[in-house]
Amino acid sequence: MTPEPDNFEHLLRELAPQVLGAVIRRFHEFSAAEDAVQEALLAAAMQWPQEGIPDNPRAWLTQVASRRMTDYLRSEIARRRRETEAALEMDQLAPPPAVHTETDQDDTLILLFMCCHPALTTSSAIALTLRAVGGLTTAEIASAFLVPEPTMAQRISRAKSSIKDSGVPFSLPTSRERAQRLGAVLHVLYLIFNEGYTSSSGPQLQRLELSHEAIRLTRAVHHLLPDDAEVAGLLALMLLTDARRAARTGPDGDLIPLTKQDRSLWNQKQISEGIALLTTALSKGSIGAYQLQAAIAAVHDEAVRAEDTDWPQILALYELLKRMSGNPMVMLNHAIATAMVHGPPAGLELLHALDTDGRLKGHHRLDAVRAHLLEMAGDHQAAITHYRIAASRTTSLPERNYLMTQAARLSDQ
Amino acid sequence: MKYILMMTGTKADFAWYAKWSKTDLQAQLAFMHSFNKELKESGVLVATEGLAFPNQAKLVRAAADGTPITDGVFPESKEFLAGYWIVDVETPEQAYQLAARVSAGPGPKDRGNQPIEVRPVMSGPPPEML
Chain A
1 MTPEPDNFEH
11 LLRELAPQVL
21 GAVIRRFHEF
31 SAAEDAVQEA
41 LLAAAMQWPQ
51 EGIPDNPRAW
61 LTQVASRRMT
71 DYLRSEIARR
81 RRETEAALEM
91 DQLAPPPAVH
101 TETDQDDTLI
111 LLFMCCHPAL
121 TTSSAIALTL
131 RAVGGLTTAE
141 IASAFLVPEP
151 TMAQRISRAK
161 SSIKDSGVPF
171 SLPTSRERAQ
181 RLGAVLHVLY
191 LIFNEGYTSS
201 SGPQLQRLEL
211 SHEAIRLTRA
221 VHHLLPDDAE
231 VAGLLALMLL
241 TDARRAARTG
251 PDGDLIPLTK
261 QDRSLWNQKQ
271 ISEGIALLTT
281 ALSKGSIGAY
291 QLQAAIAAVH
301 DEAVRAEDTD
311 WPQILALYEL
321 LKRMSGNPMV
331 MLNHAIATAM
341 VHGPPAGLEL
351 LHALDTDGRL
361 KGHHRLDAVR
371 AHLLEMAGDH
381 QAAITHYRIA
391 ASRTTSLPER
401 NYLMTQAARL
411 SDQ
Chain B
1 MKYILMMTGT
11 KADFAWYAKW
21 SKTDLQAQLA
31 FMHSFNKELK
41 ESGVLVATEG
51 LAFPNQAKLV
61 RAAADGTPIT
71 DGVFPESKEF
81 LAGYWIVDVE
91 TPEQAYQLAA
101 RVSAGPGPKD
111 RGNQPIEVRP
121 VMSGPPPEML
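If you read the protein sequences in the order shown, they are chains A and B. Sequential numbering of the first sequence, starting at 1, is according to my numbering. Sequential numbering of the second sequence, starting at 1, is according to my numbering.
No lab work stands behind these hints: they were computed from the structure. One or more hints might be untrue.
[What the hints assert, rightly or not] Quick list of in silico lysine to any residue cross-link-like pairs, SDA-like style, CA-CA up to 25 Å:
no., chain 1, residue 1, chain 2, residue 2
1, B, K2, A, T137
2, A, K284, A, D106
3, A, K284, A, R323
4, B, K2, A, A184
5, B, K2, A, H363
6, A, K361, B, K2
7, B, K2, A, L146
8, B, K40, B, Q94
9, A, K322, A, S286
10, B, K2, A, H212
11, A, K269, A, L224
12, B, K40, A, L146
13, B, K11, B, L81
14, A, K322, A, A303
15, A, K322, A, H363
16, B, K109, B, S21
17, B, K40, A, S161
18, A, K361, B, P120
19, B, K40, A, T121
20, B, K2, A, R365
21, B, K11, B, N55
22, A, K284, A, G183
23, A, K164, A, G183
24, B, K37, A, A139
25, B, K2, A, N401
26, B, K2, A, R388
27, B, K2, A, Y190
28, B, K2, A, A119
29, B, K11, B, A27
[Unchecked claim] Just a sample of chain A residues kept apart from chain B, beta carbon distances all over 12 Å, derived:
no., residue
30, H28
31, A32
32, E140
33, T174
34, A179
35, L182
36, R216
37, R305
38, L360
39, G378
40, I389
Just so it is clear, the structure is predicted and the values come from calculations on it, not from any experiment. Yeah, the Cβ is synthetic: ideal placement off N, Cα and C, and Gly gets one too.
Please model the complete structure; the sequences and the hints are all you need to start from.
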């Protein structure tokens, strides 16, 4: 049977972290094991389409990767012997049988914790997660981030060195560290999801759908930790946001704000799934920031027309979120919701507080929101001024086009 | 976040550069070589190019029928791009650090530290926009 290319790619990516876990357990060397698994994945991608998927694909991949590891260790030992004549580290060739109770599923989690370790920079954690857990090639990751492949290869290789240097053991974090470390994992997944939006300039055909990859990985984490409400919340947030993807941009890549989107293009299947996940998560009683953001996305998604949006509910959710995080972006969105419920002057009043807060000083979003609220209040001249200031400050090209168009629309009237 | 680091100079600056001593030129080449290598190895280099001297530059305008009209006359005060680096870093401060290294690169004793223009490279759409 010749499998569909999509099927075995999906299978390979799903197996990647399990195989890597098995190889690390056997050889105790993360960096080289990761390279060996990549080679095994490439070999499978070449051979399986012709020869069919083996009966036990996981065992096949583990065997190929282990063979590569043995070759690597032999040449390492030969190299060391040549260089130092030091004693052979034979134990590396024949590791003791691993005593472990963890399952393959745990391996995927352990790898995630490892790749999202606080010792790594954010961009390294993202790259390493996509390769070691996501099973993507360096070329695919490089193309998604619009950087040259050798640059991405160096980033990954440095990330692996940092992990080696930090001496992180290949095991689950202690229960004391666990919540914090899981937070770091979810943050990295969230960043990968957002990156799927922000790096979408560049050649569309070669671009990997990072948002979909983030959803796939978060789904895997949710599957492993079904009782964690924040994991479910993050997955719901991704699904509820991604559901609007087709309506977010016009034919020329121009941005369409939520209120102007063609809601018939929203993906109802994803919306239902997101809402179901969120409802279960909220019933568990430990409400976190991802669940609240998902709840806000759900309220938007549930409105058939923009004017049907339940803004009082969104405002109430932002009040909760504001208490939970001091993030000034949350305060900015809270000001918009306030304006929608109590009128633009009330929203503008809240922006004054953000002016003195200082953390958003010079940030284009503050000017963009102010322009929007000023327009709602009927002060078009001031709105034009702030749309233009915001346009001059953003580093997103589609957003700059959008903001300039808003200013032009008002001044043409 | 991607940033471009731009090195510029007037025609007079280029003429002065063309007269550097062999020792100064070699020191500069060695610096550029190791700087670029370091950028590559640290996983931040997106692109780097050096440009031809300004006497190779042409100003092109389209005539009424769309055909190009070229002109090579520039005011003496014009700053020409000499070369650039595009780097992918986590913070603007990292880009400024790299620019400062180029600014303080080797050269004749009277060189002084050269200004390097740093500017963000535009990205795709923002994650969410109400």
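Verification of the hints:
no., hint, in the structure
1, K2(B) x T137(A), "22 Å, holds"
2, K284(A) x D106(A), "23 Å, holds"
3, K284(A) x R323(A), "20 Å, holds"
4, K2(B) x A184(A), "23 Å, holds"
5, K2(B) x H363(A), "17 Å, holds"
6, K361(A) x K2(B), "21 Å, holds"
7, K2(B) x L146(A), "10 Å, holds"
8, K40(B) x Q94(B), "15 Å, holds"
9, K322(A) x S286(A), "17 Å, holds"
10, K2(B) x H212(A), "23 Å, holds"
11, K269(A) x L224(A), "23 Å, holds"
12, K40(B) x L146(A), "15 Å, holds"
13, K11(B) x L81(B), "11 Å, holds"
14, K322(A) x A303(A), "23 Å, holds"
15, K322(A) x H363(A), "19 Å, holds"
16, K109(B) x S21(B), "11 Å, holds"
17, K40(B) x S161(A), "16 Å, holds"
18, K361(A) x P120(B), "18 Å, holds"
19, K40(B) x T121(A), "17 Å, holds"
20, K2(B) x R365(A), "19 Å, holds"
21, K11(B) x N55(B), "8 Å, holds"
22, K284(A) x G183(A), "18 Å, holds"
23, K164(A) x G183(A), "22 Å, holds"
24, K37(B) x A139(A), "20 Å, holds"
25, K2(B) x N401(A), "19 Å, holds"
26, K2(B) x R388(A), "23 Å, holds"
27, K2(B) x Y190(A), "20 Å, holds"
28, K2(B) x A119(A), "22 Å, holds"
29, K11(B) x A27(B), "22 Å, holds"
30, H28, "26 Å, holds"
31, A32, "19 Å, holds"
32, E140, "16 Å, holds"
33, T174, "28 Å, holds"
34, A179, "25 Å, holds"
35, L182, "22 Å, holds"
36, R216, "18 Å, holds"
37, R305, "16 Å, holds"
38, L360, "15 Å, holds"
39, G378, "19 Å, holds"
40, I389, "16 Å, holds"
Against the hints set out earlier in the document, no violation occurs for any number.
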